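> Numbering (my numbering) for the sequence shown: 36 to 953.
These are computed hints drawn from the structure, not numbers from a lab.
Predicted model only: the values in this text are computed from it and were never measured.
Since no wrong hints were added, every one of them can be taken at face value.
DEER-style ranges, computed between Cβ atoms: (1) L102 - D125: 45 to 51 Å; (2) D125 - E184: 20 to 26 Å; (3) G99 - E133: 48 to 54 Å; (4) D864 - T166: 48 to 54 Å; (5) G762 - Q111: 37 to 43 Å; (6) K150 - E129: 19 to 25 Å; (7) Q111 - T166: 25 to 31 Å.
Calculated pairs, DSS-like style, for lysine-lysine (alpha carbon to alpha carbon, straight line, at most 25 Å): (8) K165 - K915; (9) K541 - K915; (10) K872 - K453; (11) K165 - K396; (12) K165 - K740; (13) K336 - K77; (14) K77 - K67; (15) K463 - K453; (16) K677 - K872; (17) K666 - K644; (18) K130 - K165; (19) K677 - K615; (20) K77 - K345; (21) K90 - K67; (22) K872 - K644; (23) K345 - K191; (24) K684 - K453.
Just so you know, even glycine gets a beta-carbon here, dropped at the ideal spot from N, CA and C.
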Amino acid sequence: MVIDSATGSPLPFANVFVDNTTIGTVTDADGKYVLKGVSPGKMTLAASFVGYITKAVSIDLKEGEPLQKDFSLTPQEKQLDEVELTSRRDRKWEKQLERFEEVFIGSRYDPLVNKTKILNPWAIDFEEGKTSNGMRYFSATFNQPLEVENLALGYKLIYHLNVFSQTRNGTLYQGPVQFIEMDTLFEDLSKKWVDNRQKAYQSSLRHLFKSMIRNDLSAQHFDIYQSKSFGLTYIRTNSFDYERGNSIEAFSLDRAIRPGQQIGEFKIVSSKRLEVHYTGMSWPNTYYHDVYHPISWITLKGGSTEVTSKGVPLDPSDIVISGHMARARVAHLLPHNYTPGDTVSAFSSTEEIMIAQQQYKQNSLREKPHLITDKPYYYPGETIWFSGQMLYQNALMADTLSRVLYVDVINPFRQIVKTEVFPIENGKVTGQLALPSYIQAGDYNLRAYTRWMQNFPSSDITYQPLPIINLYETVENTTVLGANMTDPDLLITISTDKDRYRPRDKVQVSLSVMDADGGAISSNLTVSITDTLRVASVPTSPTLQQAYNWVLNGRPTPYFTQPQHQIEYGVSVSGQFLNKKGEPEAANITIVQGEYEDYGVVAADSTGKFWASGLQFNDSSAMAMAAINEKGRPYGSVVLAKQAVPEVKAQLTNLNLTVKEQELPQPIFSLPNDVDYTLLNEVVVESSKIEPLSERNYGFGPGDKTFTQEDIQRSSGQGVMSIIERGMPGFNRNGMYRKNYGTARGNYYPTPLVIIDGQRFQEQAPPEPGNTGVDYLDRLNPADIKSVTVYTYNAGVFGMAGFDGVIMVETNLGGERKQNEKPTIFNKDGFSLYTIKGYTPAQEFRAPNYSQRKESHSEPDTRTTIYWNPALTTDSETGKAGFSFYAADSPTVYRIVVEGMTEDNTPVREVRYLQVSK
36 MVIDSATGSP
46 LPFANVFVDN
56 TTIGTVTDAD
66 GKYVLKGVSP
76 GKMTLAASFV
86 GYITKAVSID
96 LKEGEPLQKD
106 FSLTPQEKQL
116 DEVELTSRRD
126 RKWEKQLERF
136 EEVFIGSRYD
146 PLVNKTKILN
156 PWAIDFEEGK
166 TSNGMRYFSA
176 TFNQPLEVEN
186 LALGYKLIYH
196 LNVFSQTRNG
206 TLYQGPVQFI
216 EMDTLFEDLS
226 KKWVDNRQKA
236 YQSSLRHLFK
246 SMIRNDLSAQ
256 HFDIYQSKSF
266 GLTYIRTNSF
276 DYERGNSIEA
286 FSLDRAIRPG
296 QQIGEFKIVS
306 SKRLEVHYTG
316 MSWPNTYYHD
326 VYHPISWITL
336 KGGSTEVTSK
346 GVPLDPSDIV
356 ISGHMARARV
366 AHLLPHNYTP
376 GDTVSAFSST
386 EEIMIAQQQY
396 KQNSLREKPH
406 LITDKPYYYP
416 GETIWFSGQM
426 LYQNALMADT
436 LSRVLYVDVI
446 NPFRQIVKTE
456 VFPIENGKVT
466 GQLALPSYIQ
476 AGDYNLRAYT
486 RWMQNFPSSD
496 ITYQPLPIIN
506 LYETVENTTV
516 LGANMTDPDL
526 LITISTDKDR
536 YRPRDKVQVS
546 LSVMDADGGA
556 ISSNLTVSIT
566 DTLRVASVPT
576 SPTLQQAYNW
586 VLNGRPTPYF
596 TQPQHQIEYG
606 VSVSGQFLNK
616 KGEPEAANIT
626 IVQGEYEDYG
636 VVAADSTGKF
646 WASGLQFNDS
656 SAMAMAAINE
666 KGRPYGSVVL
676 AKQAVPEVKA
686 QLTNLNLTVK
696 EQELPQPIFS
706 LPNDVDYTLL
716 NEVVVESSKI
726 EPLSERNYGF
736 GPGDKTFTQE
746 DIQRSSGQGV
756 MSIIERGMPG
766 FNRNGMYRKN
776 YGTARGNYYP
786 TPLVIIDGQR
796 FQEQAPPEPG
806 NTGVDYLDRL
816 NPADIKSVTV
826 YTYNAGVFGM
836 AGFDGVIMVE
846 TNLGGERKQN
856 EKPTIFNKDG
866 FSLYTIKGYT
876 PAQEFRAPNY
886 SQRKESHSEP
896 DTRTTIYWNP
906 ALTTDSETGK
916 AGFSFYAADS
926 PTVYRIVVEG
936 MTEDNTPVRE
946 VRYLQVSK
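Work out the full structure: start from the sequences and follow the hints.
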């Protein structure tokens, strides 16, 4: 029986069904139901009713024993009407829906996906943001069950999803699903459904498990291998013939299939990762160059999983799948009571399908910068203050993509007159460009790009008009429409402590970002305040919300098989090694920055070419490079390669400002050296004890995870690496999993940097087995260890040496660096020496502080940009932030422009005006 939990009244016409089957019924007028034809075994039984929360319970049906199960359903607290639902559906939501369908339904280039659609997508709400540990997530909530029509397989699915969440670690969605078999009067369509169902079953996880239980893997075209243990320095190749017997070995079913807890159930046991080859169909793959059939990888979390005689897992969460089987989503979903035929035919798999899928994978790796400047035009001698917001086709990939941004100044003749380099931190860039006083007036452009972007269409590169005005000209006002472009579901409030101010008064500004329900929204904002008398109101470059259309309208780009440009995680160097004869040669290249400020070893390929990234320094730095022979001496020479610069587009964009001549030159404000100034944030200095270097991780900042002495003591004597691998999945003896989608760093030997009590562990290159940093950690006595800190995505502070992650160990015996220890002197003899350009140092925006009278305050204050803050963050709990500044000399109106991105990647912008009177 199915009843209302609040009233106890029966619920007629409620749905009762066996999860993941076509077996279901509806209750009668008294809320009663009977389900017939249910096979004995463990299963999930569910009940649903419109306006009530679906309820699912696990049951164990015994042979010949009737089972009675009653349901008490709880009414939903809130029912969104159709007006509410449609009012929130905008272009961003449509983009999020596409992303959801790509994960939930499957790749749109899959033969079955094109005929599968969600009938009520308006029932979905999406959310994007960051978890408490900083990991980006994409999630969905559902106010009613999703109705999915699969015209390829002939099923309608009622999916009662209760969770959907995606992070860079994977995707989780779960909830009971009811299958309803569709009817048709067309015989051809009915036969097509039968054929497609068998094709969907072929090479599936269920097909594999059933074949294992029946011990007929060979007849069903399955080959299974398991991973082998191999040495630290072993590097896998893309040759299956070579890897078979080296890194993988044949998997035996002996002792792998065991009886389950009851008749009709089986346990599959394997403690190692399984590599499954399905030879019954052809399929191009990018893993092995000599294999042309589907490959999948399976890991059983607890070393085993239980399945039914039909190959259906009793607990799918026990299983981690990747590769070909992982592509089968809802479009391939079959009910558990489906029985395949004796013969199974394959889909016609073509290279075009594979290429189309690769296009979407590559599209998720696209990035694009958007620049926000303090004002729309400049005079010679002024400084351009800017902030950059990186946009991503897939925000989950942000941590994997570029950390370096290039900004060019391009003159009216399409020539690059200035290039600066800036670090990207958490998707943001801050910096400045000083214009020389002698620069000629004209329609210039700013250009921003990353090296990785050069693999994609040139339209991804950002160009922004940069008018430079003659000192004897002034710009006339132009009416600007649509300045405020904030999402209607967000509210930005800007307020000041007074309505009006006098020249040189202190102005206190408060702002908040809230959602439509008054909830606080964490946001990263840029604030620019300009004098409207000195900076005219003119058409500006695209706002962040307009630039965000690139994300909303993103479509797959032409597929490339081998990217020509790499993802940069810091300042990069590339070049070619030549031996004593001047010929290219494969070698390990040692790169040393300055006097050992940073160092690393990369491999040059057979043509002598190499590439290294991850260096972290400002301005410029000396760089020494050489190959080292067996005797530890440098030999040959290294020639640096010139970095490729994208071609300037043919037609640059201009603002077409209206200017008029003026008799006096435009005054360029500069702050006197002896005057107090205000930085972005007020600083309060308090007395505090000096912390030891070790308590601040020797100046490197917090890691991604720290294991305390208590954690280590609870590990029952396990070694350091075992503790790390257990506590940080994805980080192992070879360091962090960081896939660089550009050209690899050569056949280098991945190993994390090891630091013991502040000192880097010195190891040979290539590492000698048994004498690496991680080998040394294995020999440490856990009782002697005070703490272990691991750096993964925060390892950029260690430069190139931290490319594969960093393990910092503090021992009970160690302690502080010796203050009187003499620095190491690096012998550069035999090395090729170069000076490499690093990052442009970010400067603080300075403005006068009129809180106390100074002699220098007699100078006129002719600022055009009154205040600039590229990194204002609203509080996640209150949604509030604040700042202050001092007004300049002229009675005028200030324009306050706030622009940025919320934590869930929604662009916001607000413009307000402030009166300054005499």
